[in-house]
Amino acid sequence: MADRPYISVQHLKTYFDVTRSLFEKRQIVKAVDDVSLDIWPGETLGLVGESGCGKSSLGRTIVMINKPTAGRILVQGEDVTALRGEALKRFRRDVQMIFQDPYASLNPRMTVGEIIREPMDIHRISEPEARDARVVELLRIVGLKPDHIRRYPHEFSGGQRQRISIARTLALNPRFIICDEPISALDVSIQAQIINLLKNVQREMGIAYLFIAHDIGMVKHISDRIGVMYLGHLVELGTSDDVYFKPLHPYTRALLSAIPIPDPVAGKARRRMMLEGELPTPLNPPPGCPFRQRCPQASPRCGETMPELREIGGHWVACHNVEG
Amino acid sequence: MEDIYRKYLADPGALQTLRASEIPDQLFEKLDDSEKDSEFVAMASKTYFQDAWCRFRRNRMALIGLIFIALMILAAIVIPVLSPYTYDGQDMLMRNAPSSWAHPFGTDKFGRDILVRCMYGARISLSVGFAAALLNLVIGVVYGGICGFIGGRFDLVLMRIVDILYSVPTLLYVILIMLVFGANIFSVLLAICVSSWVGMARQVRAQVLSLKEQEFAQAAYVIGASKPRILFKHLVVNCMGPIIVNTTLMVPDAIFTEAFLAFVGIGISIPMASWGTMANDARSLLMSYPMQMVWPVAAICLTMLSLHFIGDGLSEALDPRKR
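Line by line, the protein sequences give chains C and U. Going by the numbering used here, the first sequence opens with residue 10, and the numbers climb by one from there. Going by the numbering used here, the second sequence opens with residue 171, and the numbers climb by one from there.
Honestly, the hints are just simulated from the structure, not real lab data. Be careful, since some hints might not be right.
[What the hints assert, rightly or not] Over the 12 Å line for every Cβ pair with chain C, so calculated as not near, a few chain U residues:
1. D261
2. A301
3. L472
[What the hints assert, rightly or not] In silico lysine-lysine, DSSO-like type, Cα no more than 27 Å apart, as pairs:
4. C/K76 - U/K279
5. C/K98 - C/K76
6. U/K382 - C/K98
[To be verified] Partner residues are not named here, just some residues of chain U that face chain C (Cβ under 10 Å, in silico):
7. T256
8. E385
9. F386
10. A389
11. V392
12. G394
13. S396
14. P398
15. R399
16. H404
17. V407
18. N408
19. M410
These numbers come from a predicted model, not from an experiment. Using N, Cα and C, we set each Cβ at its ideal position, and we do this for glycine too.
Make a model of the complete structure from these sequences and hints.
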């Protein structure tokens, strides 16, 4: 492993101002609240959490679709949050993103060839004549045929579209790709194909992934490490075996107990941990642990101070009630 | 085995009742390699506009409208060139003549050929109509596109300006512009354009506002596309349908406004011919020579109707929800 992380997110905060009119009280949604994590070259960090927990916002902030409110994002030691113009363009060659909905992420008026070629045109990669050859090569890498080049996205299935989307991302030879739920819009049978494609590409090109999903089983399969988010906070981070088999945070345990077990006998024998209540709104949350209203182990201390992420033998957790 | 083979020779259909394992090997034939290519021999993929043209062609009224407008444009170019008469050549011996071989539409009270005047009117009406639509297209798309794309307070301020422009009556602009710039075709054009691009701007803004949240726009941003590239190559291209329909419907609007202005006497000055001025000239003779009114009015009506049919046909052909 390299001597320093490829990307290092430090105390990142992304807040959205959702004040509806000038005369209303200001309302802030804390989508990402003080998240720090490192991603090493060539590794896959899985990020799980329920809808609205801020995992997508975190990914979108790292590729600078959303502006961070505070904190730093270091790519190989260089802060990228203030990049503009050419420097930002240079950063985009290395850090790319695959979107969730393959039906919305491809411009319906462009052919597949134009879509995959566009990043190369924008960044003036290789000679214009060589770009078409590269498009054909990329199509082959993602498992599509060269004669698809003149077709339009609507002629493809969801899985094929996601392949096109991956080919577009790979056109820039990125070092790091954020996969924002790339499989959740696909059929289960297609999901495995896309996952395998992503793994093959990673093995051949040494790309690091931030893999965002809500299916912890799938994330365990692809990831080296897993992070768990709840209401804008990172509550647990560890190797995928540690998080999957020895979860520390009560929220992670609840998530894991929600995985269906295909064997009905074993499924009945298991003690399921049901969470009470809904995900609280991230609008002006009260102090203390964000999980405490739904936590079966909540103690008075949880309502007073926010638990910091602390290390327990290479496994990080943000909970007052976990013994080190 | 032999049994089955004989049965097959006698009646090939009987084989269908057999299971695959019961069919003897010699009955299987080897297919040639071309079968493997069957996936490649797919229909050539259609572009958006080829697809739209196919649907447009099926709409008979729209097609008739298109042919009528094409003929009108051709006639407006050719007839004044070939005809021995000019739009202002008076013939006092042939005043108020009925239709004849020499004057198919007859002549007016100064003995001017109505057909030639109608075609000069068509030149003015059609060029005003198309020029106004083109100006609207450019101004509306750029203004609305930028407003929707930048959004926020910038958008708020610029759209309020649009609202103010929209709230002033068009006739007021027209009279003021005519006073300042004189009565000619350019003032008419300017007068029509001052307020009519507003509709286009609003529509494009609304479309861009919703399209820019789509993932493909964000994907374009993430791969490093510049803002003008995202706006024009990704967003505006995707609202081409409503833009084209709006532009097409703008043409009859402009033609009507021009005719109306000419009719009330604040348009193109005499002796230039416009359908509106011709209708106005014919008004005083309506009781004795009604045909003089019929020709320019029919020209206005048929042109407007054709353009509306084209607009409807286009909106059906280009709108994916109506497929």
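Going down the list of hints, with the structure as the test:
At the 12 Å boundary, the C-beta of U/D261 stays outside the reach of chain C, the nearest C-beta of that chain being 57 Å off. For U/A301, the shortest C-beta to C-beta distance to chain C comes to about 27 Å, beyond the 12 Å cut-off, and the non-interface label holds. Under the 12 Å C-beta cut-off, the non-interface status given to U/L472 relative to chain C holds; the minimum distance is some 35 Å. Distance restraint check for C/K76 and U/K279: the Cα-Cα separation of roughly 73 Å exceeds the 27 Å cut-off, and the hinted pair is therefore not satisfied.
Only pairs whose Cα atoms come within 27 Å are accepted, and C/K98 paired with C/K76 is accepted, the gap being roughly 16 Å. With a C-alpha separation of about 20 Å, the suggested pair U/K382 and C/K98 falls inside the 27 Å cut-off, and the hint holds. Given hint, U/T256 at the interface with chain C, is violated; its Cβ is 48 Å from that chain's nearest Cβ, farther than 10 Å. For U/E385, the suggested interface contact is upheld, since its CB lies about 4 Å from the closest CB of chain C, less than 10 Å.
A least Cβ separation of about 5 Å between U/F386 and chain C falls short of the 10 Å threshold, and the interface hint therefore holds. At a threshold of 10 Å, the smallest CB-CB gap from U/A389 to chain C is about 5 Å, leaving the interface hint in force. With its C-beta approaching chain C no nearer than about 5 Å, U/V392 sits inside the 10 Å limit, and its interface hint holds. Among the interface hints, the one on U/G394 holds; its C-beta lies about 4 Å from the nearest C-beta in chain C, closer than the 10 Å criterion.
With 10 Å as the threshold, the beta carbon of U/S396 comes within range of chain C, its nearest partner Cβ sitting at about 8 Å, so the hint holds. At a threshold of 10 Å, the smallest CB-CB gap from U/P398 to chain C is about 12 Å, leaving the interface hint violated. The closest approach between the C-beta of U/R399 and any C-beta of chain C is roughly 7 Å, which is under the 10 Å cut-off, so the hint is satisfied. For U/H404, the suggested interface contact is upheld, since its CB lies about 5 Å from the closest CB of chain C, less than 10 Å.
At its closest, the beta carbon of U/V407 sits 5 Å from a beta carbon of chain C; the interface hint therefore holds under the 10 Å criterion. Taking 10 Å as the C-beta cut-off, the interface hint given for U/N408 holds, the closest approach to chain C being about 6 Å. With its C-beta approaching chain C no nearer than about 8 Å, U/M410 sits inside the 10 Å limit, and its interface hint holds.
The earlier numbered hints that this structure contradicts are 4, 7, 14.
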